[in-house]
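*Asks:* Residue-level listing of the chains:
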Amino acid sequence: MASSLSVKKTRLILGVMNRSLHLSSSLKSQESEKLENKKESSLDSEEFRVYEIKGLKKVSFVRRPERWSKRFPPPRYRTMPTDQDWTDVWPTASTFKWSAVPFPVRQGYVENSSENEGVIPSKYANLELMKGPNFLHLTPAHVKKHCKAIKHFCTQWPEGLDTDEQCQKHFPLESVTSDYVFAGPSLTDDRARVASIKFKLTDLELDNHARDKFIRLVGDRYDPDTGDVVFESNRCPLKSQNLEYVKFILTAVYFESWKRESWEQQKELSDMEQYVWDQNKSSKTCVSLLSDIKARDMASGDEQGKLSYLSEKEVDASVVSDLPEVQQYKEAVENLFNDGESIETLNTYRMAVEKLLNLKLDV
Amino acid sequence: MAASIGQKLSSVASRTNSLLKKTVKLTEHTPCACPYYSTAAKRLEHEPRIACRTSETDPRKHTGDHVGLYYTVPEEEMAVIKTGMHPWHLRMMKSFNESCLMVRKPALELKGYLDKLNLKHPVPRFLLYGRRGSGKTLTLHHTMQCCHKDGWIIVHAPWAGQWVRGWYKEVAVSTYKPDRYDLPADSAEWLTHFRAQNLGKLSELKTTSEYIWTKREKAEVGTSFEEIINFGLSRLKFSSDCVGVLLKELRVQAETQGLKVLVVVDSVNAFYVQWNQQNALKNMEKKQLRPGEISLVHNFKKMLSPTWSHGVAICAVSEEANDEDKREDFTPIYLLGQEGFEALDPFIPIYVPDYTEKEALSNINYYIDRNWIQNDYGKTDEGKRELMFVSNRNPFNLAKICAQL
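Here the protein sequences line up with chains P and F, keeping their order. Oh and the first sequence: position 348 is 348 in this note's numbering, straight run, nothing missing. Oh and the second sequence: position 331 is 331 in this note's numbering, straight run, nothing missing.
Read the hints as simulated data drawn from the structure, not as lab findings. Every residue, glycine too, gets a C-beta built ideally from N, C-alpha and C. Be aware that a few hints might be false.
Listing some non-contacts, in silico: residues in chain F with all C-beta distances to chain P over 10 Å [as the list claims (entries may be wrong)]:
#	residue
1	E75
2	V173
3	R180
4	P184
5	E189
6	H193
7	Q253
8	T256
9	N276
10	Q277
11	K282
12	D325
13	F341
14	D354
15	Y366
16	V390
DSBU-like mimics (lysine-lysine), calculated; alpha carbons at most 35 Å apart, straight line [what the hints assert, rightly or not]:
#	chain 1	residue 1	chain 2	residue 2
17	F	K105	P	K330
18	P	K360	F	K358
19	F	K120	P	K294
20	F	K326	P	K281
21	F	K358	P	K294
22	P	K355	F	K215
23	F	K149	P	K355
24	F	K302	P	K330
25	F	K248	P	K360
Partial chain F-side listing against chain P, Cβ under 8 Å, derived [as the list claims (entries may be wrong)]:
#	residue
26	K116
27	P122
28	P124
29	L281
30	P306
31	S309
32	E324
33	F347
34	P349
Between the sequences and the hints, there should be enough to build the whole structure, so can you do that?
*Replies:* Below you can see the structure in the form of structure tokens.
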């Protein structure tokens, strides 16, 4: 309203002053053109201008051609035949594509009933579905196709390697290397040089000392839960060099662990990480006690209450430790120290001592 | 006051209500015909009789059926175990106006072992272990009474921790060996305790070798134990040596004369673990003593080694005998340490558990019977259950909680 008033005012001034005037920038350029023409014609004809009432004359407008709008085809899943080959639709690993997936799926979190009308979002433009990995490229059909493609590279499975145990027995050393294939200007890949070997510690021929030293030397490369040792190397530029290197490490550590250095002799009982019954005082006490009992049994000549398992055997440290009763006792004591005391381990110890000393519980 | 406690209890009860509803009805002992011993706390007539006692006062005849029941220790046998008992227990017994002990499984197990024992073998060692206040000491007392009836000589160290600690305790250089130390007062105390426990048996026992105390004083061969004890009590300087003599003689005579000797040591870990607190014993040079340097401990350690026969050693480990930083567990090897284990190995560990539900109930019923629990809520089924829950069925905890009711 305010702008139309100001237009009228300017026109009046133009009519009276008959001079060119500077127009305010608020006026539209179209209108200013019109005014210029009128000004010229009025100057030429020296006549009054005809006032044109807006809207009286019919004006014909030229319609602008409509902008080309994008027409989306219907999503692909609508046109999919039911017997199609899915591996063609989804050949490789890719992000979830809602239009190519022919089944309804929803994912997301709806906080309350006002949000999305309380319905979990469907697959259309669903970011949650895109975030996670999918296995639509690894369906049974895909796997079948892959297998078929690589089948003629395979050889027959050797006989006598039917179970994992057999494989482990005949091939104790497992080496892992990787090849990386991809489309790019260079075929080399840094990661391809890494080589590792894995084996069970029990497959190596080691005595107690060597085993202990081996474990200390390899550090966290040994997993006590599974008993596996893994050596891995990426320090050499080539895969074959790295493989050779890890085999060298294995050889070196093996022979090093068999060596006994002079300072290793200084290890005392209190430095032991495990309680070993044979080295402790308990074994000596046991042998002397049993020999004492035997001497007393011989002296009394009484059959009742005698330690029956000791009869006719020379009581000697090596003989005694082979007796099943003593073995059981030894195990119980070692358990007590190595696994920690609990009512269970103490009870097994109690049973072992009962057998060792022929004490009977009569309840 | 009683009403407010009742309110408190009921509020606690309502909180634990969900727990209570799940449990089944408490199973009690079937009532048996047992005499009513007390005159102090008379039960009302209309109250139902609760079975928590057995009339079998002879501990040798206790069987698995008696587990959880109280038996009365006769007055003359009470004299045997009385001197070694903790004052707290004696106070309780005085309050109850009778001396009752509960028959428990560990004691029966011990009795089972003793019945089948071949005494000609070197001494077997038994070790009781269990949580604090679970009844190790009273199990020892039960067994001691049992053995006393069988005519065993009892050598009892009521609380071994006493011999390695004490404020202003007299520590003298041993008259027998200069690198050992005597505790005259403790030795004399033990001598009286030993005499009281083996009353009537000691005058018949005679020494088998000669013991020379000083230039002028000596004990000839054939001196009775009674006289040795009297000498030790009159000449405190030699009391520790007297203990050593008695123990040595017992070891020798057990083999030769067929005596049966029961060695009982409570808190045996005090013998093997160094006590490092302020009140640890020190010699004249203010040097802290190791337990092995104390002659009493040294002599008792000999009783625990399997070098002699016709005897049994029964020990108990307790957390209180160890330093405060070594009380985290109640298991024997942790408390004894490596040295203690090596000294006692091979031993039979016997676990003294907390009360079973039956035993706890029997204990509560006994307290009700003795009017120790007077609160009405404590007498209800729900209240008993709550007591068991709050005390976690630990005997000492239960006694402490019931003391306020």
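*Asks:* If a hint holds in the structure, say so; if it doesn't, say that too.
*Replies:* Do the hints match the structure? See the list:
1. E75(F), annotated as away from the interface, keeps every beta carbon of chain P farther than 10 Å; the closest lies near 29 Å.
2. Every CB of chain P lies more than 10 Å from the CB of V173(F), the least distance being 30 Å, so the non-interface label holds.
3. Non-interface call for R180(F) relative to chain P: holds, since the shortest CB-CB distance, roughly 23 Å, exceeds 10 Å.
4. The Cβ of P184(F) lies farther than 10 Å from every Cβ of chain P, with a closest approach of about 34 Å, so its non-interface assignment holds.
5. Non-interface call for E189(F) relative to chain P: holds, since the shortest CB-CB distance, roughly 33 Å, exceeds 10 Å.
6. With a least CB separation of 29 Å from chain P, H193(F) remains clear of the 10 Å interface cut-off, as annotated.
7. No Cβ of chain P comes within 10 Å of the Cβ of Q253(F); the nearest lies about 17 Å off, and the non-interface call holds.
8. Look at T256(F): its CB is around 13 Å from the nearest CB on chain P, clear of 10 Å, so calling it non-interface holds up.
9. Listed as a non-interface residue, N276(F) keeps its Cβ farther than 10 Å from every Cβ of chain P; the least gap is roughly 20 Å.
10. The beta carbon of Q277(F) is kept farther than 10 Å from every beta carbon of chain P, the shortest such distance being approximately 25 Å.
11. Its beta-carbon lying about 28 Å from the closest one in chain P, K282(F) satisfies the requirement of being farther than 10 Å from that chain.
12. At roughly 18 Å, the least C-beta separation between D325(F) and chain P is larger than 10 Å, which holds for a residue marked as non-interface.
13. Not every beta carbon of chain P lies more than 10 Å from that of F341(F), the smallest distance being close to 8 Å; the non-interface claim is violated.
14. Every CB of chain P is more than 10 Å from the CB of D354(F) (nearest about 12 Å), matching its label as outside the interface.
15. At roughly 24 Å from the closest C-beta of chain P, the C-beta of Y366(F) stays outside 10 Å, upholding its exclusion from the interface.
16. At the 10 Å boundary, the C-beta of V390(F) stays outside the reach of chain P, the nearest C-beta of that chain being 24 Å off.
17. Only pairs whose Cα atoms come within 35 Å are accepted, and K105(F) paired with K330(P) is accepted, the gap being roughly 28 Å.
18. In summary, the hint linking K360(P) to K358(F) is supported, as the alpha carbons are separated by about 27 Å, within the 35 Å threshold.
19. Between the alpha carbons of K120(F) and K294(P) the distance comes to roughly 11 Å, so the proposed pair stays at or under 35 Å and holds.
20. In summary, the hint linking K326(F) to K281(P) is supported, as the alpha carbons are separated by about 23 Å, within the 35 Å threshold.
21. For the suggested pair K358(F) and K294(P), the alpha carbons sit about 44 Å apart, so the restraint of at most 35 Å is broken.
22. Restraint check for K355(P) and K215(F): not satisfied, since their Cα atoms lie roughly 51 Å apart, outside the 35 Å limit.
23. The straight-line distance between the Cα atoms of K149(F) and K355(P) is roughly 29 Å, inside the 35 Å bound, and the hint therefore holds.
24. A threshold of 35 Å between alpha carbons decides the hint, and for K302(F) with K330(P) the separation of about 25 Å falls inside it, so the pair holds.
25. Of the supplied pair hints, the one linking K248(F) and K360(P) holds, its CA atoms being roughly 29 Å apart against a limit of 35 Å.
26. Among the interface hints, the one on K116(F) holds; its C-beta lies about 4 Å from the nearest C-beta in chain P, closer than the 8 Å criterion.
27. Given the 8 Å rule on beta carbons, the hint for P122(F) holds: about 6 Å separates it from the nearest Cβ of chain P.
28. For P124(F), the shortest C-beta to C-beta distance to chain P is roughly 6 Å, which falls under 8 Å, so the interface hint holds.
29. Checking L281(F) against chain P: minimum C-beta separation of about 27 Å lies over 8 Å; hint violated.
30. Taking 8 Å as the C-beta contact cut-off toward chain P, the hint placing P306(F) at the interface holds, the least distance being around 6 Å.
31. For the restraint placing S309(F) at the interface with chain P, the shortest Cβ-Cβ distance is roughly 7 Å, inside the 8 Å limit, so the hint holds.
32. The criterion of a C-beta within 8 Å of any C-beta in chain P is not met by E324(F), whose closest approach is roughly 20 Å, and the hint is violated.
33. About 7 Å separates the beta-carbon of F347(F) from the nearest beta-carbon of chain P, less than 8 Å, and the hint is met.
34. With 8 Å as the threshold, the beta carbon of P349(F) comes within range of chain P, its nearest partner Cβ sitting at about 5 Å, so the hint holds.
Against the hints set out earlier in the document, violations occur for numbers 13, 21, 22, 29, 32.
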